[in-house]
Each structure stands twice: as C-alpha cells, then as structure tokens.
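Protein chains in written order, with the numbering used here: chain B, 1 to 245; chain H, 246 to 1076.
Treat the hints as calculated values from the structure; they're not laboratory data. Among these hints, one or two may not hold up.
Sample of chain B residues lacking proximity to chain H, with all beta carbon distances greater than 12 Å (derived) [claimed, not checked]:
(1) L12
(2) L60
(3) S85
(4) K91
(5) N94
(6) R147
(7) G158
(8) K188
(9) H202
(10) Q221
List of simulated lysine-lysine pairs, PhoX-like, C-alpha gap at most 25 Å [what the hints assert, rightly or not]:
(11) H/K412 to H/K360
(12) B/K128 to H/K360
(13) H/K1063 to B/K91
(14) B/K91 to H/K996
(15) B/K95 to H/K412
Glycine included, each C-beta is placed from N, C-alpha and C at the ideal position.
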Amino acid sequence: MDTNNKKTEKRLLVEFKKIKKVFTTETVETRALDNINLTIEQGEYLSITGPSGCGKSTLLSLLGLLDTSSEGDYYLAGHQVANLSRDERAKIRNKEIGFIFQAFNLISDLTVAENIELPLSYRDDISKQERNTMVRESLKKVDMLHRENHFPSQLSGGQQQRVAIARAISGNPSIILADEPTGNLDSKNAQRIMALLDELHHEGATICMVTHDPRSATRAQRMIEVFDGKIVLDQSTDKLSAIAV
Amino acid sequence: MSFSLDIKYAARLLFKKPLFTLLTVMIVAIGLGLTLYTYSLLNHLIFSPLTLNNQKPVIAIEAEFDYDNMRRPAADPIDLFRVKSELDLFDGFGIYSGGGTALISGSGKDSAARKFNSTFAQWNIFQFAGVQPILGRGLQPEDHFEGAEPVIVLGYKAWKSAFSADKDIIGTMIRVEAKATRVIGVMPEGFAFPAMAETWQPISYKNLAPTERQPIYGGVFAYARLKDGVNFKQLEKELANLNQKIVQTLPEVMKFRANSTGGYLKAYDYKKVYVLQHYPIFISMFVVVFLILLLACINISNLLLARVNERLKEIAIRIALGVPRARLLMQMLWESIFICGVGGFLALLIAGWGLELSNGVFEQMFAVNQQQPFWWQVSLDSEAIVVLILAILIMIVFTGLWPALRAMSGDFNAILRDGTRGAISKKSLRMNKVIVVTEVFLSCTVLVIATILLSTTYSAGQADYGVDTEQRLTAQIELPFKSYPVNRRSAMEAEQHKKRLDFFSNLKNKLEQLPNVNAVAFMRSLPGTGGGTKYVEIEGREAMTLTENPSWNIDMVAIDSWEALGIKLIAGRDFDYRDNSRRPTTSIISESLAKKYFPEGDAIGKRTRTVGIGYDLPWQTIVGIVSDVTHGSAMDVASAKNTAYVVQMGGMRRMTIAIHYLGSETMARKSLQDTISSIDGDVAAYHIQSYDALIGQPMILLSAVSKLFLFCGVMAVLLAASGIYAVSANSIIQRTQEIGVRRALGATDAKVMSLFMGQASAQLTLGLLIGLTLSFGAINIMTDTMIISHTSYAIGLIGMPLLVMFMVLLATYIPTRKIVLMEPSNALHHD
Ligand SMILES: Nc1ncnc2c1ncn2[C@@H]1O[C@H](COP(=O)(O)OP(=O)(O)O)[C@@H](O)[C@H]1O
Ligand SMILES: [Mg+2]
Chain B
1 MDTNNKKTEK RLLVEFKKIK KVFTTETVET RALDNINLTI EQGEYLSITG
51 PSGCGKSTLL SLLGLLDTSS EGDYYLAGHQ VANLSRDERA KIRNKEIGFI
101 FQAFNLISDL TVAENIELPL SYRDDISKQE RNTMVRESLK KVDMLHRENH
151 FPSQLSGGQQ QRVAIARAIS GNPSIILADE PTGNLDSKNA QRIMALLDEL
201 HHEGATICMV THDPRSATRA QRMIEVFDGK IVLDQSTDKL SAIAV
Chain H
246 MSFSLDIKYA ARLLFKKPLF TLLTVMIVAI GLGLTLYTYS LLNHLIFSPL
296 TLNNQKPVIA IEAEFDYDNM RRPAADPIDL FRVKSELDLF DGFGIYSGGG
346 TALISGSGKD SAARKFNSTF AQWNIFQFAG VQPILGRGLQ PEDHFEGAEP
396 VIVLGYKAWK SAFSADKDII GTMIRVEAKA TRVIGVMPEG FAFPAMAETW
446 QPISYKNLAP TERQPIYGGV FAYARLKDGV NFKQLEKELA NLNQKIVQTL
496 PEVMKFRANS TGGYLKAYDY KKVYVLQHYP IFISMFVVVF LILLLACINI
546 SNLLLARVNE RLKEIAIRIA LGVPRARLLM QMLWESIFIC GVGGFLALLI
596 AGWGLELSNG VFEQMFAVNQ QQPFWWQVSL DSEAIVVLIL AILIMIVFTG
646 LWPALRAMSG DFNAILRDGT RGAISKKSLR MNKVIVVTEV FLSCTVLVIA
696 TILLSTTYSA GQADYGVDTE QRLTAQIELP FKSYPVNRRS AMEAEQHKKR
746 LDFFSNLKNK LEQLPNVNAV AFMRSLPGTG GGTKYVEIEG REAMTLTENP
796 SWNIDMVAID SWEALGIKLI AGRDFDYRDN SRRPTTSIIS ESLAKKYFPE
846 GDAIGKRTRT VGIGYDLPWQ TIVGIVSDVT HGSAMDVASA KNTAYVVQMG
896 GMRRMTIAIH YLGSETMARK SLQDTISSID GDVAAYHIQS YDALIGQPMI
946 LLSAVSKLFL FCGVMAVLLA ASGIYAVSAN SIIQRTQEIG VRRALGATDA
996 KVMSLFMGQA SAQLTLGLLI GLTLSFGAIN IMTDTMIISH TSYAIGLIGM
1046 PLLVMFMVLL ATYIPTRKIV LMEPSNALHH D
C-alpha cells in the first residue's frame, strides 16, 4: 500500500535548523525556543514533553506554520518555508497539517459534519460529493457518525475531541500536530483519545503530540523533552522504557 | 461593610479609564436629556390634560379638524346644543366662539384702536375654569338676553395696557368695535381660558338656545367635563353615534359642515386641538428621541460588555475565590449605577436648558399674533423627575445587569484552566448578531427620520414664495362691525359693501400718495400664508363626481395689487371696477394653473366655477394670468402653488395689507397708523410686521424643531457610528479564536475576510430592512401634514442607508483585517 511505501522510504518530512523564537512584549523578551534542531520522518509518532512554559506549544505552532521563527531554517518536505506567501502557507496548513487542540476549538455554530467539512471546503480540488464521503469516513474512524448533525455544545468533551481528530485527519494530512489533546479530558476519555492516536499511527500517520503526561508520552515511538526552549532529550521510547525497567 | 468596598472598587475602575467614563456619562446624559426634554415638552403641550383647578380633565367638543386647510372649523350651535342635551355625560358644558379680535379704543389721548383676542363665551366660563374676576363681576345669564346692555370682562393685559390698570374702570363705558360697552370685570393675570382670550363678552342668546340652523360658515366650539363614572371612550362612542344622526339630517346647503368621510362633531383632549397641525412633527420628534435613547442604551451596555469581557479572567478568579455571584453582580452593577446616575443628573440640566429655550421660541412664535395658549409654558415638574428616575433605573438594569449576567454565564473553569475562553458559545454568537442587527436598524431609523425632518424643515425655511419681501410691511386691517355693518339680503347691502370697499381703496390711494410708499396691495392671505384648496369645475370638462375635479387655492385680491408684491401680470388684464361684485364673475389665475389645465395657452376667456357641497357660485371667466406664488407655509400640505384670484369682495371686513415702502420700516409703520387714523380711528391695524417676519412666523416653530433635529441627527450619526463600530468590533473580537482556528485549518486571508464581510452584509441587510420599514411607517404619518421634498426623500431613504452600510462594512473590515493579520497562533490563544 501507499503508506507502506512511504514507511520504507523513510522520507524526511520536517527539518528544523537552528530555530529560534523570541517573543517581545512591552516589558520582557522571552526566548521561547533556543537553537532547536529537529528532524521528523514520515510515519513517526513523536511526543514532546517538558514543564509548563518551556516552549512546547511554540514549537508546535512553528511546525504547523501557525507562527514564524525569529531565526533559523525550516524545511517542510524539502521546501524552505520562510519564502512562502501567506496564501501558500494557508494552503500547506490546509493540505499537509492536521491540528488537534487542547480546547478542541470546534466552531460552535457549525454542526459536527460542517466542522469536519470546513478544511475540505477551503480546497478547490474536491467536489461536494467527495467532501461528504471524506467527512463520513473520518467520522466513522472516530466513531462519531451518529452525531454528525449535532452542534459541539451538545457533545461531551471526549466526543468533541474525537470530532476534532476527525477534522484533523479528514484531509489526509502529512502530519498531525496535537497540543495536549487530553489536557481537558478525564482519564477514561483521555485513554480513548490516546488509543485513537495509536490506531492512526499504525495506519501510517505521522503524529507529533505535546503532552505533559509521562504515560501518554511513552506511547509514542520517540520522545523529546524540552527545557527552557532547548531540546534536552531526544530518544526512542523503547530505550527509555528499557532504562526505566 | 462590603458595600463601600464594592463602590470603591467600581469607582477605581471608572477613574482608571477616565475617557471611557466621560464618554459613557455623556452618552447617557444626552440620551436621557433629550428624552426628558421631549417628554416634558409634549406633556405640557399635549399629554397632561388641562384640568383648571379641578380633578377632571377638560374636553373639547367641536367640528373635526380640517387638515386640508389646517384649521379648526366651528360647529353649528344647534348641533352642539343637541350634544349637550341628548348625551347625558357631562358635568359642565359651555360654548364659545373664538379666534376673533376686539378692537378697543383706549381712553385718554392715546385713542387709537387696539386689538385684543376676544372671546364670546357662555356666562359659566369663569365658574367652569374655577377663576373669579379680581375686579367687578363675571358674566351672568342675563347678559346674554336680547337687548341686554353690551358688557365686557377685560383680561389683565387689556386692562393694564389700554386703561393703565385703572381701578375705577368697572361700570364705565368703553368703545369695543366702535360700540359702547360697559366694563363689568377684570380677570386675574395669566387667565386666558379658552386658550388665549384677552377679553370676554357674552355670546349671543341665539347661540345658547338655538332654534334654527345657521346657514353660514362660522359657529361655536365647546368645552366640557365628563360626569363621574363616564370615560372618554364612552363619550367618543356616543358622540360618534349622535354625529351620524346629525350628519344625516343636515340640509343640502349645510352639508359643508361634514367632511368627505362624514366626520363632523368630535371630542378631543382639550390641549390636543391646539397642536393638531403640529401633531405628527411632535410625535416623530418623540420617536426620534426615543430611538436615540435606545441607541444610547445599547451602546452603553455594549461598552460595558466589552469591558466585562476584558475582565473575564479576573471575574473567574473572584468566583473561584468564592465571591458569591449576587455580590459579583452588584459589583458590576455599581459601575452602571454611577454612569447612569451622573448622566441622569446632567440630563436634568440639559432638559431644563432645552425647555428654557423652548419658552423663548414660543414667545417669539406668538410675539406678533398673541395666539399662545396659556399652557404653552414649559418647565420641569415633579412628574418629569419621577419619569427621569424611572428611566435611570431602567437604564441601569439594561446597561448593567445584562452585561453582568452575560459575563457570569461563561465557562469559568475553562478560563482558569488553559487561560483562554475557548471558542465563543453559540448563544453568545447569536446574541451578538441580534445586537448588531438592532444597532443597525435603530441607527437607520433614527438617521432616516431625523434627516428627512431636518431636510424638510430646512428647505421649507429656504423656500421661494414667488414674491418680493424686501421693504414690505404687512398688517391686518380690520373694520369694526358696528360702523361697517352688512345686513345680508337687505336693501342696504350693496351700499354697505361699497362703504367697506371704499375704506380699503381710500387707504390704498392715500398711502400711495405718500413719498415713502411705493405701492400698496390687499389680499385676504398674502403668499406664504393662507393656503388650502377647493374643488373647481372647468366649463365643458365638468367631472362626474366632485372630487374628480381639479382643486386649487382661491384667494381674494384688491384691484392693482400685483406690483406691490412683485407679482407679474403675464397675460390678459388686471381686475378693474367692472369686476366688483358680491358674486364675482371674473378671475385671474396663476401661470402654473394655466399651463396645467390649459396647455394650449388658451386659458383666457375660459370659465371655471368653485364647486362643493353648499356652494352655489356663478361661472367665472378667466381674464388674466399672473406669475406663480406659494400660499401657505412651504411644508404644509395645505400650501398651494396653484392659485386663482377673484377680486376683493365688498363683504370683506378684514384684509391683509402689504406696503412696498421706501426708507425705514419705522416710517412706514407710522405712515400706516397715521393714514388709518386720518380716515377712521375705530379701524385697527394689527399684526404689523415685515413681510419676512410674516412668512417666517409659522416657520419659527419649525426652525426650532429643525435645530433640534439637527442636534438629534448629529447625535444619531455619532451614536450610530461609534455604536456600530463598537458593536461590530466587539462581536468580531470575540471571534478571534474562531479566526485562528479557521486559519489553522487552512483558510486564506481572502476566505476569512469574505466570510466575515458576508455575514456582516447579511446582518446589515436585515437591519436595514427593519429600519426602512419602521422609517416608512413614520414618514407615512409625517406626510399627513407635511410636504416632504424629493431631496429629503433621497437624503433620508438612500443617503442614510448608504451611510449605515458604509459604517457597518468599515466597522467589520477593520477589526477583521486586524485579526487576520495576526499570527494564527496568537489568534488561537487570544483572550
Ligand atoms: N504570544 C506570545 N507572546 C509572548 N510570550 C509568549 C507568547 N506565546 C508564548 N509565550 C511565552 O513563551 C514561552 C513558551 O510558551 P509555550 O510554548 O506556550 O509553553 P508551553 O510549553 O507551556 O506550551 C512562555 O514563557 C510563554 O510565556
Ligand atoms: Mg502549551
């Protein structure tokens, strides 16, 4: 299958070279990311951990083209990102990246199905009919098809996050970026979301997830620990668990 | 106590943002000030009933207001007598004939006749009003009897100005309308019932106990109070029934009493009959002001809401700390209590000042004609203060409670947990839409009505009446009945007519011989005054029904009067001695009439005839065509561009003079007075004023109202612009996260912009639809008594919606653009 092919090739998807991010407000200058070098290959499942305020979300925002770095180079699938126009960046976010947020961020006056259709509707190469099947497929994957005409406010937090996942995967992105996807959920619902991510990974998806829950972090293949804007640990979880044992 | 802490806290918040505080207090002050002013004004002029030292309101019963000619027609006494005797509803009922003048020749060396507003009243008038004379006695039933000695009760002003407040005046004989009359009483200062009376004389016995119909125009009016347990609705109903019976029994020649819909006798709130012609303008004023108040309320609550949104995190922390919700609510309320309280106090000052100005306007309005009803004196009263306090309370609830409740319905756990509010809830989204639509339709309605009124009153003030008004002096010339009587259908009638005519032509000739007088004109109503229309048949083109005939204004003019007014004779000839007749058979018509009805240019020689119920007039041959003028105030529906003139008839006792003078106006005034005195000292010239003042007089109220509308309009634009911006921006800022999400999902800038502009357009369309519907309704009412020009329509109905559209789109574009230009990650984490 196509995904198998990609896996075997081990294509380089993301390459961060000496990335720096500095926030300047009126009073302070925050070095949120300091000299980050990072590569992510196709099909990898990566977790990012670290204490609050260390720069995890900032890293994810840069990965997802939600923000621009202050210094350094970012290559996405081999292309230098810095030279892209605003519209080109929007197009990449739309096609190549799937976002999952801690606060779910579903749009409250759109139904479940409409929320999922939203990123697809921003493309002009998919017909309405194709969109419908894509929406239904991804809803089936997260087991939320029976709620397609509900509004977000009518769903529980876990259900909302499943819909958000469905929205993230509906367009077959190259990489899924999740920022504390279980942060707003109880443990039972959190488990279900984590299992869903596992499943997506097994199907070949590339996932980069921020979490401060160590147990969730170890479910990934590879774990990165950030401290004070720097990567202080980058290891395969097999080794880690071996050490722990 | 915790209370004082809360107040301190609210005060600190307000002082931290002085500009915000100042702005909100000013908006409240102006909104409430305008409302309080308009309420007080209308309350004094219309709504609070006239009670006159009694609990029960006074009611007017009279012939229905004649909107075509903007006048109060009088009723036949026999019909009002029937009302009084057949409807068992009254506790107090009396009749009067009003609007007349009494020419009183003063005593001493200053013997020129002076004019006072006279009333011929029923003897019970003073008891009814609950006021007794300060000197002498009031009227008695015997005073009405046939052959009784003529008596008069003087008003305070007449007593003071014509008789230097002579205490021995009671019992003396004075000349009233050249007739020896005994003074029997003097009324206290300020007493003017029925409305602006300055003298009272007994009404003729024939009117009190009528036995037959009066075959002529004129007649009487009635004042009344209802019996205990009877309400106005009941009176209206029973009167309507009786009216129907009366109208059916009207003989053919007296059908003119009823209007085309069968309306004749009608009961009114007493004060209302004096504002009927201004009623729509007053009501639209109230509507405009009320809408401005609503707009102010919405803007204030939106501003407070935006502030509450900024403080959401702080509020969440307070709730987490265990501050009871009720307490928190109170904390947030203190702010609007302060804003509305201070604003309300300022409103009191604004309203008081406005009322003071209004009294000045009334004084100016009635300076010449002295027709000011005695209750047209406005001030802030206790009732107004109560209304203000109520309005402040409502405003506090509206502007404070609502945002506070909305703020507290948020998901505080989410706010505290991840520092963001999460996406705005569906309910708040819908609420925001409602606010924007409301803001749009209120703004649209206010702006449309205010600009139409403004433009209408303004252009009416600039109107060209088609006459030369510079160096023109005007006055009413009135012959006293005693020395210039006319006995209808008697042998002397022709001679009596001639005597009246001779006076006027004598006056004209003598004046024109003076070196400072260029020319003199007499008209019944000079252009700029008068107006109203009558149906006219054109010979050979008579319509099947009356109302299908053309209609135009008919005025009366003396021979050789055009030049003095700057009116040009375009074709044919002027009137001359051959045309003099009690029933004129010739006419001169205006240019536009000739063009409209005789487009072939063959008007001269054609015959027309005034028709209508009760009319029996001869055909009149058109002998001349003159340039156009406008009769009536330029914005009255009763005004008329199309006028036909007939020659001054001998029967006229009162005419308006226009003198084209050289040199100073003072000299011209003196010349007029001296010339009249030299002919007949009992004849009075009154309402002496420049032509500009004469035309301007009916416009004084309008121009004052126009200024008010200008102020309202400016306020409306400011409130609408700032409100629309704040409301739109606020509702968009609350969707910052949504924009972040959309952009994270790959929406381009253009997609986001077009989505938001599209949604704003939908809200705009809905708001404009509602606003324009309301505006049309209001305009419809206004056009009952006002002529609204095409320009006014264009400015109001096209210009204002465009302005609102521009404001809404701009107010959407700017904030949306600002958020779109943010990094999506910033937008996502915005709070
Ligand atoms: N938009 C911003 N403006 C200023 N400072 C920011 C902004 N976003 C993040 N920061 C700062 O950068 C640092 C890293 O933040 P973040 O990446 O959100 O941390 P976390 O690891 O908890 O996700 C923090 O000190 C934070 O305060
Ligand atoms: Mg974070």
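Pair hint outcome, H/K1063 versus B/K91 [Cα-Cα no greater than 25 Å]: holds (21 Å)
Could you let me know if the closest chain H CB is still more than 12 Å away from the CB of B/S85? violated (10 Å)
For the pair supplied as a hint, H/K412 and H/K360, is the alpha-carbon distance within the 25 Å limit? Distance of about 21 Å is within 25 Å: holds.
Interface-negative label, B/K188 against chain H, beta-carbon threshold 12 Å: holds (18 Å)
Just to be careful, I want the Cα atoms of B/K128 and H/K360 compared with a cutoff of 25 Å; is the pair within it? violated (88 Å)
Between B/K91 and H/K996, is the straight-line Cα distance small enough, at 25 Å or below? holds (12 Å)
Per the stated criterion, does the least C-beta distance between B/R147 and chain H lie above 12 Å, as a non-interface residue requires? B/R147 is indeed farther than 12 Å from all Cβ atoms of chain H, at 16 Å.
Test the statement that B/L12 is away from the interface with chain H: the closest C-beta pair must be farther apart than 12 Å. holds (23 Å)
Taking C-beta pairs only, is B/K91 more than 12 Å away from all of chain H? violated (7 Å)
Once the closest CB in chain H is found, is it more than 12 Å from B/L60? violated (9 Å)
Verify that the Cβ of B/N94 lies farther than 12 Å from every Cβ atom of chain H, and report whether the claim holds or is violated. Contrary to the label, B/N94 does not stay out of reach of chain H, its closest Cβ about 2 Å off (not over 12 Å).
Could you check that no beta carbon of chain H comes within 12 Å of the beta carbon of B/H202? holds (25 Å)
Of the numbered hints listed earlier, those contradicted by the structure are 2, 3, 4, 5, 12 and 15.
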